[in-house]
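Novice: Bring the two chains, given one by one in their own frames, into a single complex with the hints.
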Amino acid sequence: MKRRHFIKNTSLATGMALVPNFLKAFDDLMPEILSHRNLVVIHLEGGNDGLNTIVPFNNDIYFNSRPKIAIKKQNTIRLNDDLGFHKSLAPLKRLFDSGHLSIINNVGYPNPSRSHFVSSDIWQTASSHESIQTSGWIGRYLDKYGKMPYDAIQIDDDLSLALRGVHRNGIATRNAKQLYRSLQESNFNEILSYYEKEHHAEHNLGYLYQTMIDSKSSARYLYETVHDSKLSDKYPKSGLSGQLKVIGQFINSGLDTHIYYAKLKGFDTHASQLGKQDKLLKVYAEAIDVFVKDLKKTNRFKDTLILTFSEFGRRVKQNFSNGTDHGAANNVFVIGETLKKSGLYNDLATLQDLDANGDIKYEVDFRSIYQTILTNWLQVSAEGIVNSSQKNLGFI
Amino acid sequence: MTYKEIQHLYWRAGYGLKPRELQYLSTLSKAVIVDDLFKKSKTIVPLEKDLSFIKDFPQDKLKVNKELRRKFNRRNFEETKILNIIWLKRLETTPRVLRERMTLFWANHFVCRDMTTSHILQFNTTLRTHALGNFKDFLKAISKEASMIKYLNLRQNRKSSPNENFARELLELFTLGEGHYSEKDIKECARAFTGYNYEFDGTFRLVKRQHDFGQKQVFGRQGDFNGDDIIDIILENRQCAVHICEKIYSYFVNTNLNDDHIEKMVKVFYSNYDIEKLMRFVFSSSWFYNSENIGTKIKSPIDLIVGIQRMVPVHFTEKRELFKLQTLLDQFLLDPPNVAGWKGGKSWITTNSLLLRIKLPSMILEKESYSFQTRGEERNSRIVSVKNKYQEKLTVDVDWKAYRRSVKKISLELLRESLILSDINKGTQYYVNKMGLKPSRKNLVKLMSLPEYQLC
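Protein sequence lines correspond, in order, to chains D and G.
For the first sequence, my numbering gives the first residue as 1, with consecutive numbering after it.
For the second sequence, my numbering gives the first residue as 1, with consecutive numbering after it.
Mimicking EDC-like on lysine to aspartate or glutamate, the simulated pairs with C-alpha atoms at most 20 Å apart in a straight line are:
1. Lys361/D to Glu183/G
2. Lys446/G to Glu190/D
3. Lys317/D to Glu183/G
Derived, one-sided and incomplete: chain D residues facing chain G with beta-carbon distance under 8 Å:
4. Val118
5. Ile171
6. Gln178
7. Asn187
8. Phe188
9. Tyr194
10. Asp214
11. Ser218
The hints are simulated quantities; they were obtained by calculation from the structure and are not laboratory data.
All values reported here derive from a predicted model rather than from experimental measurement.
All C-beta atoms, glycine included, are put in the ideal place defined by N, C-alpha and C.
Okay, chain G solo, but in the shape it has when bound (with noise of 0.2 Å):
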């Protein structure tokens, strides 16, 4: 495979390589080198979070106690930030890069927020555990998650009177797509997920006398079906599978959809909707590598911001500084914007954001100063809150001796083919051949502030 190939496979199924890695792996066959990549994600490791916190809210008190609650409340807001830091640590330094990767795609497919820090985490844990399992156990799992059960209102959906949110979110985004059902169909799902509730400790709990164990009428069967049999019921039809392996080809591939590859894809799938499967059949295609998919896709913000990190790494002292970019570049771990997520695409792009993305790799790396503004106060996210301020900079300590061992008899062309994967602009490309032949630190920010550099 060729260098761009490689760095291809890596963007999308990873966060980037460095260079060397990059010359390393160009020795090695493609079936090697995806087989490689799955290898070094078979571990599945949560994220490392002490909750001992909790010690000190015991379960019966809370409940009494509406003072206690608020403490809880408040050191929850807090925890959870600290979570947000090591979620984007892992990102940056993980060697597992496909299961971080999956991770991240599945937070958004099962779109969930969350106040109870402890209940995030194993939500967090089961996204991870599942990424590249079998997408059947997943759901269930995810439909038995403290944090989706009090998301999308589990807990309100009753037998005497069901609550609709999570079984048309079932349907709608997470298996069918819209379209596919009929409101009826929502309904009767609905009444197999009464009584979901959970303990205390995050542990799923069926609430009987809640449950309805009643017969329902469901895309053409009949049964008295719990929260289980419907998952399986919808995993029958097809359609589910055209739309999961549609959001990966959209995510992984390309936002135009190709039909051809994503009915091969459907048909490596449907069979038992087996993940890693499905994933090691797109990285082994040929029209993975196809020049329409690679460089083309805009970076989220996540993904500039642990690239450049993956490249030069970087220690933030302050870390508010790391809330401040993630709210001001508009995806913010932990706190997506509502039910479908984040968006992707061209939505990440307006002109604010396109400036501050330009410029992140100087404000980064050459702690040059920032403005920047707050956000729409009626945001109603608990984690965000940036203060109103002009001119800052960040408070970094940036390793440049581990970058500068990194680049050690690497060419600039190497740096520039590592970084950029999209075509370079005709007039922009003279701007890239002033720029000399080291890799220095000046150059590498260059390379970076391009507009080719959103692209992966």
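This is chain D alone, in the form it adopts within the complex (with noise of 0.2 Å):
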């Protein structure tokens, strides 16, 4: 018997609790561990500007729109003779150069939302403006495919919409032991040994039994399963970092999740922007550079599949606060090493032919992407999940 399946088995015949190593990496130890594929979602939350994270740099309506907040050329790192990466990225390149990067640009929807609210749950629902579905698309996921509430994890306190299905839900933690330490001190154990199912989790308090019956499943698979990757103390201080960290924990240590979601916050650079986009690209690229190293070591990477994608791009002409408002289409990132089509997987839009509101429009609509992940990585079927038709894109 292997060692983990051995310590599982042991601690759950005798009932006992069998106190885990949080600190002691025992990758050496573990046999390999039946990979199953992963997908890491990372929300930029607040719109990022996409244009100044992959620059035109030779494109003189991006120069004319944007006088005090256009990145020239010799700030980027060149990706072909017309893009550049921002220079907050650098740790990506190696990435690109390697074939594990896929940037797909002038990704929307139709009539797009600008609203952050809106457009992000439009993104979170893969749903049309029209009919924005009340349920997540990993919630749906979920729905068809989950058999525990731990198939899907957000690294968060709260729960976002996507993880939210109609019957299901993932669950939201910020790390193994939390859920575990928190249940042990409560007295929810005693009410739930007297709760007599009856409810719909629809009404709330159905809802709130079912959390409580899933958080205690959860907890306990968690606290005994997860244990220290050997790059932890390599992450860097950001709370994305913290979130990747831990997420790279839970693959290391061979969870049986398959959907795990990140966000970073503060894209909304209305005014001042170029600071500030510097910083959360830095805090971004060197979080996404730790994170696969780690998963490279345990030979993980292989089995893992990082997106990230923003609610909406930012306006091609800058205003007078030297930021940008809310725009339309934006570039998305795919991140793995078996990709089918890597680097620049369609060209930038020309920036002559945009919307009434100076906005890129959309060429690749984002469902698109949902459906290719679903079918060609996670290998199920799009359909009741992404609920229109949209084409396979053939990057993975």
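Specialist: The structure is reproduced here in structure tokens:
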């Protein structure tokens, strides 16, 4: 019997809470984990300015529209003859060069909303602007294919709409110990021992009880399964890094979880954008860099796909406050070892043909990205999850 | 009215009643009870916060002295935390429950966050003043608040280069709702609000050279509209009344909207946007007391913290613990998460928050130890700062004497009726039945620890 299974089974068999050793990484003792594929979704909240992320350094319209905040060619990292990375994305250049990053340009949807909340809801629910669904796309994945509440985990205190299904939800936790600890010291267990199932989870009371039951089953599982990664101490000190560090731990511990969700906030740069975005993109790139290294160490990078999106891009023309207002289509990053189409998936719009607001028109529907990931990566049918016919982009 | 109906009214319009208050009100008619709720909230009492520290920071010196500005910001940071505690204390002790409830509701409608304590207090007073007043006056006052002018970039909204942030939220969040205006309307509205600014003391100031006095085309109308004109025009649209009524229904009645009820509310509200009249209508209507509306709302963290303390008076010796609780439960007064405010409902509930919420009564009343966790560092909040420690106990003084007085000759059954408005799960009911007959301290905590207590 493998050591890890032995530990698990013993603790179950005796009913005793075996205290796992969080401090010591026992990767070496562990067998090759029977690998399954993971998806990590990162939401850059607030609307990241895609044009200053992937910079069209030869485009006159870009420079004329942004006299104060356009980024010059010499300050970018060259990707091809027309486009360059924002300098903060330097750590991603290696991924780009080794074919582990695919940049999809001009991603959006018809009749775009410029409201953070509406557009975030659209992205999270895989809806059209005309009829926004009330359940999230990952939630619906759980409805169809989920077995346990921890099939999808958000590293946070709150659970995003994306992970809320009609019948099932993912769970939100900041780390593996938190839930378990809190559970031990509450009268949760006593109350639950009396509970008789009679409510539907759609009703608030049923929802509360169901959440309690899910907490209980997940808490113990996480507590007993998760151990520290070797690279834990290498993660920079930032919110996103903290989340990816926990995700790294979870993946490297071989959790049965399929989807992880993380967020980086602060991209709503209406004023003094340059410094703010520099910092945020740096936080993003550095976190991704360590995360990928962490996964490579345990050979789990090959089983992991990282999707990064923002609810919209920003206006091509800058505003008076050296910032940018809410825009439309934007770029999406897909990171993974086995991409079929890496590098630049498509060309960035020329900026000659903008919509009535002066925003980039969408060319790729974001739902086709979900569809591609569901079908080609998670290997499930997207039917009932992405409720509109989308084409497979074949990037993976 | 039944105990349940009265408690329902008082939980939605206030923060719940003690058993004895419930007993007393049950002898009165519905009309009297509702009227009494409004009478008690007639007066407007701003939060009492000492602002004399501003004297140490004269405006002319702040302008030139960077170090002083830094000190001023730090001081404001601390003073705003004190304001948070003052507001919380007000909620726990006020007899004007409806005005307080409305103030908190509007704070989550006209969502705003600021650094300057005096401006925050002024904004809060405006919320309080208009909470049951006229929505049109309310909106005009809000658009001229220093905090709002900062928060939604009105200061950067100039004739030469308009900033759309305020105009967009005005239409999307404050009045019409998404889908009821065009991008062009936003741009034209933004022009009408150009030049909005404020003095150091928070007084509104229109900077004429930055204001666009030109013709604007908005919602099919043309004219040299200013900000107030725009608000008049928007409110002529019935959709504005619909949007506000839907929001009020969702908060005070049920998140499942009933078109029929809302249509009736709109008829009352649209004529002159009188908020008190609307609320009187809601609380007097029979559908407000339909069983599907009672005990089905998930309490907000503030509802929980305040509700417990209105039942048993508690003194927090360490104020930072109140910050901690608000942070962990995800509702920090004066620090909303974003422009849309707290989402409410099921969004309060996650595996983590529910554990804490269930444990909260025993933490506060029985000083049970608890573990907690830092919030994400990327939350760009200036107020929140919680150290990562485990296993702490709250340092609170619980006034059990006051509680015992309040439940003298009260049965456990009446206490349960006061505390639990939702149906009780069958299995859980068995657990409740085993508690005996006395409204003891232990039983109080047990009842408050039920998932059913999470609802109101």
